[in-house]
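Student: Sequence:
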Amino acid sequence: MTGQPRPTGAILGLFCTALISSPAWAGDDASAAETAAARSLAVDGLKLAQANNCAEAVPKLERAEKLYHSTFVAIRLGECYVSVGKLVEGTELLRRSIREPQSTEPTPALAKALERAQKIVDSTKPRIAGLTVKVATVQDMVVKIDGAVVPSALVDTEVPTDPGEHNVEVTAPGFLRSATRLSIGEGEKKNVSLTLTRDPNAAAASTTPVAAAAKEPTASAPAPVASPQAVTTPPSVERSPNRTGAYVAWGVGAAALAAGGVLGVMTMQKHSDLEGDCTDGACPPERQSDLDSAKRLGNFSTIAFGVGAAGAVLGTVLFFTAGPSREERAAGAKERRFVGLSRPRVAIGPTQLQLGADF
Numbered sequence: 090m091t092g093q094p095r096p097t098g099a100i101l102g103l104f105c106t107a108l109i110s111s112p113a114w115a116g117d118d119a120s121a122a123e124t125a126a127a128r129s130l131a132v133d134g135l136k137l138a139q140a141n142n143c144a145e146a147v148p149k150l151e152r153a154e155k156l157y158h159s160t161f162v163a164i165r166l167g168e169c170y171v172s173v174g175k176l177v178e179g180t181e182l183l184r185r186s187i188r189e190p191q192s193t194e195p196t197p198a199l200a201k202a203l204e205r206a207q208k209i210v211d212s213t214k215p216r217i218a219g220l221t222v223k224v225a226t227v228q229d230m231v232v233k234i235d236g237a238v239v240p241s242a243l244v245d246t247e248v249p250t251d252p253g254e255h256n257v258e259v260t261a262p263g264f265l266r267s268a269t270r271l272s273i274g275e276g277e278k279k280n281v282s283l284t285l286t287r288d289p290n291a292a293a294a295s296t297t298p299v300a301a302a303a304k305e306p307t308a309s310a311p312a313p314v315a316s317p318q319a320v321t322t323p324p325s326v327e328r329s330p331n332r333t334g335a336y337v338a339w340g341v342g343a344a345a346l347a348a349g350g351v352l353g354v355m356t357m358q359k360h361s362d363l364e365g366d367c368t369d370g371a372c373p374p375e376r377q378s379d380l381d382s383a384k385r386l387g388n389f390s391t392i393a394f395g396v397g398a399a400g401a402v403l404g405t406v407l408f409f410t411a412g413p414s415r416e417e418r419a420a421g422a423k424e425r426r427f428v429g430l431s432r433p434r435v436a437i438g439p440t441q442l443q444l445g446a447d448f
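Quick note on the numbering used here: the sequence shown kicks off at 90 and runs consecutively.
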């Protein structure tokens with residue numbers, strides 16, 4: 090802000106006197122070094138502002154205000170903000186300074202500064218522009234004006250804006266960035282509408298790196314090379330034994346033992362019937378057929394007992410040496426080791442008993 094030329098020394102002396110006597114600067118919260126540094130920055134900034142060089146005064150006044158708050162420094166900083174075109178930020182800082190409670194009766198210098206601040210706020214308010222950003226709401230949408238994020242509550246609402254050139258943009262995951270640049274004059278109200286368009290490459294971009302990584306190894310991560318042991322010796326997999334042959338052998342043996350027992354009883358009955366008519370293995374002709382029948386029953390009983398015993402032995406052997414099933418054998422066909430017996434076989438003839446199995 091510029092004004093009529095005034096005696097620089099008198100005005101600066103008034104500011105410095107008010108600055109030193111300000112209650113905000115009389116506190117003990119900050120260290121002596123911080124207070125001295127803040128005072129030095131404030132004096133330099135006030136000199137620049139008094140010389141109508143607000144562009145260089147603003148950085149010094151900002152640093153002084155951060156180190157140690159002073160109502161006088163805040164007011165002069167607000168005036169410089171307005172002077173360099175930051176109308177919104179400047180008037181808000183001036184309003185806060187005006188509303189700031191004072192612990193004592195304001196000094197004449199402070200009262201004069203507050204009066205001037207109110208006049209600047211009143212004269213600047215009509216110059217502030219209004220910008221309304223209209224955009225359909227999308228999840229995780231971000232609206233920015235000149236790089237500053239606009240709160241979601243202010244979207245589609247008039248936002249106080251400094252006159253001049255502004256960049257407006259909106260972004261959202263899965264959508265193309267939408268942006269525009271506009272110029273707005275003092276006191277002008279303007280609406281800007283932006284449209285988000287879905288990014289056709291968003292889904293493909295999220296899946297392509299994964300697919301590419303699966304197809305070919307990267308230079309920093311070479312594909313693993315299988316060792317000879319890994320190729321020739323597959324990992325050992327615990328297989329459940331196939332004991333079907335053992336159960337079948339036991340079943341056949343049990344049935345044969347039962348048959349042998351029945352035939353043995355029948356043989357004994359036949360011999361009991363022939364004891365009265367036959368002596369020393371000789372029978373009358375009419376009983377010869379009964380004698381032959383008793384002999385056949387005895388032979389069959391002996392064979393049945395033999396089959397039963399063989400079935401019991403074979404079943405026991407197969408139970409403890411059972412190998413994997415056919416499917417498991419096919420899966421582990423490359424392994425060259427003994428895996429037990431499979432496909433048990435029993436062959437019964439008139440005068441022999443054959444047992445067999447695959448190794």
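What the hints contain is simulated information worked out from the structure, not anything from laboratory work. Hints may contain errors.
[Unchecked claim] Derived pair list, reagent style DMTMM-like, types lysine to aspartate or glutamate, alpha-carbon separation capped at 20 Å:
{"#": "1", "residue 1": "K233", "residue 2": "E254"}
{"#": "2", "residue 1": "K278", "residue 2": "E189"}
{"#": "3", "residue 1": "K175", "residue 2": "D235"}
{"#": "4", "residue 1": "K201", "residue 2": "D229"}
{"#": "5", "residue 1": "K175", "residue 2": "D288"}
{"#": "6", "residue 1": "K233", "residue 2": "E258"}
{"#": "7", "residue 1": "K175", "residue 2": "D229"}
{"#": "8", "residue 1": "K278", "residue 2": "D229"}
{"#": "9", "residue 1": "K233", "residue 2": "D211"}
{"#": "10", "residue 1": "K175", "residue 2": "E194"}
[Claimed, not checked] Computed spacing ranges between beta-carbons, pair by pair:
{"#": "11", "residue 1": "S212", "residue 2": "A291", "range": "25 to 35 Å"}
{"#": "12", "residue 1": "G276", "residue 2": "P240", "range": "16 to 26 Å"}
{"#": "13", "residue 1": "S212", "residue 2": "T246", "range": "21 to 31 Å"}
Quick caveat, the model's predicted, so the values are computed rather than measured. All residues carry an ideal CB built from backbone N, CA and C; glycine is no exception.
Student: Run every hint past the structure and note whether it holds.
Tutor: Against the structure, the hints come out as follows:
Taken as a hint, the K233 and E254 pair is honoured in the structure, with Cα atoms around 14 Å apart against an allowance of 20 Å. For the hint linking K278 to E189, the alpha-carbon distance of about 31 Å lies beyond 20 Å, and the restraint is violated. Simply put, K175 and D235 have alpha-carbon atoms about 13 Å apart, close enough for the 20 Å limit, and the pair holds. Restraint check for K201 and D229: not satisfied, since their Cα atoms lie roughly 48 Å apart, outside the 20 Å limit.
Restraint check for K175 and D288: not satisfied, since their Cα atoms lie roughly 36 Å apart, outside the 20 Å limit. For the hint pairing K233 with E258, the CA-to-CA distance comes to about 5 Å; that is within 20 Å, so the pair holds. Taking the CA atoms of K175 and D229, the gap is about 30 Å. The hint is violated against a cut of 20 Å. A threshold of 20 Å between alpha carbons decides the hint, and for K278 with D229 the separation of about 27 Å lies outside it, so the pair is violated.
As the CA atoms of K233 and D211 are separated by approximately 28 Å, the hinted pair breaks the 20 Å bound. Only pairs whose Cα atoms come within 20 Å are accepted, and K175 paired with E194 is rejected, the gap being roughly 31 Å. Hint check: S212 to A291, Cβ distance near 50 Å, so the stated range 25 to 35 Å is violated. Remark: the range hint 16 to 26 Å for G276 to P240 is upheld by a beta-carbon distance near 24 Å.
Separated by about 26 Å at the C-beta atoms, S212 and T246 satisfy the suggested range of 21 to 31 Å.
In this structure, the earlier hints numbered 2, 4, 5, 7, 8, 9, 10 and 11 are contradicted, and the remaining ones agree with it.
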